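Count along the sequence shown from 1, then add 52; that gives the number in the numbering used here.
Hints in this document: simulated from the structure, not taken from any laboratory. Hints should not be assumed to be uniformly reliable.
[Unchecked claim] What follows is a list of derived Cβ distance ranges for each label pair:
1) R89 <-> I69: 16 to 24 angstroms
2) M173 <-> N123: 16 to 24 angstroms
3) D166 <-> M73: 25 to 33 angstroms
4) F56 <-> A149: 20 to 28 angstroms
5) F56 <-> M139: 25 to 33 angstroms
[Said to hold, decoys possible] With a straight-line Cα cutoff of 20 angstroms, these simulated SDA-like cross-link-like pairs (lysine to any residue) come out:
6) K154 <-> P101
7) K58 <-> Q114
8) K154 <-> G106
9) K146 <-> G164
10) K58 <-> V97
11) K84 <-> K58
12) K84 <-> P101
13) K154 <-> E144
14) K146 <-> D166
These figures come from a predicted structure and were not determined experimentally. A virtual CB, placed ideally from N, CA and C, is assigned to each residue, including glycine.
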Amino acid sequence: MYTFQKLAAAGCLTFGIIPLMFFVFIFFQPEKTREDRSAMLGFLVFAVPPLSLGGGLLWNIQRLQRDHLHNTFHNLLERNRGEIAVMNFSLEAKISAEAAKKYLEGQAKAFGADFDVVDTMVVYRFPYQKMRR
């Protein structure tokens, strides 16, 4: 999921780190000439935009993943009238079982849900009230 954005973010961060390393190398030299200071500025100018873009892409990926989990959680909550099995959430959200369990444990604490083990599956029972439309 989000493979292109992850690759683009990695490329931007890599492209930005290289001039940043040159900037840091020159910055820590004890005596700097005028050309060194000019080179530092140039390296910084070439480092900041790709680093900013890469960071923005990573932030956007994180936001999209959080929204996807949130929407999947609420859709399953509505569909199953407040009962969500870890396995079902994992399959529906396309995440690992460990990540699904961690997310559901957090939501259970937030909403005061309890859980049962039914046929070797952990099922969370959330307080549920059908919303009127």
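The hints, checked one at a time:
The hint said 16 to 24 angstroms for the Cβ distance between R89 and I69, and at roughly 21 angstroms that hint holds. A beta carbon spacing of about 22 angstroms between M173 and N123 agrees with the range 16 to 24 angstroms that was offered as a hint. Checked against the hint of 25 to 33 angstroms, the C-beta distance between D166 and M73 comes to roughly 52 angstroms, which is inconsistent with it. The beta-carbon spacing between F56 and A149, approximately 26 angstroms, falls within the hinted interval of 20 to 28 angstroms.
Checked against the hint of 25 to 33 angstroms, the C-beta distance between F56 and M139 comes to roughly 29 angstroms, which is consistent with it. For the hint linking K154 to P101, the alpha-carbon distance of about 35 angstroms lies beyond 20 angstroms, and the restraint is violated. For a cut-off of 20 angstroms, the pair hint linking K58 to Q114 stands: about 10 angstroms separates their Cα positions. Distance hint between K154 and G106 is unfulfilled; the C-alpha atoms sit about 27 angstroms from each other, more than 20 angstroms.
The hinted pair formed by K146 and G164 fails the criterion: a straight-line CA distance of about 25 angstroms is larger than 20 angstroms. A distance of roughly 23 angstroms separates the Cα atoms of K58 and V97; the hinted pair therefore is violated under the 20 angstroms criterion. For the hint linking K84 to K58, the alpha-carbon distance of about 38 angstroms lies beyond 20 angstroms, and the restraint is violated. Distance check on the hinted pair: K84 and P101 sit about 25 angstroms apart at the alpha-carbon level, beyond 20 angstroms; violated.
Between K154 and E144 the alpha-carbon distance is near 15 angstroms, which keeps this suggested pair within the 20 angstroms criterion. With a C-alpha separation of about 23 angstroms, the suggested pair K146 and D166 falls outside the 20 angstroms cut-off, and the hint is violated.
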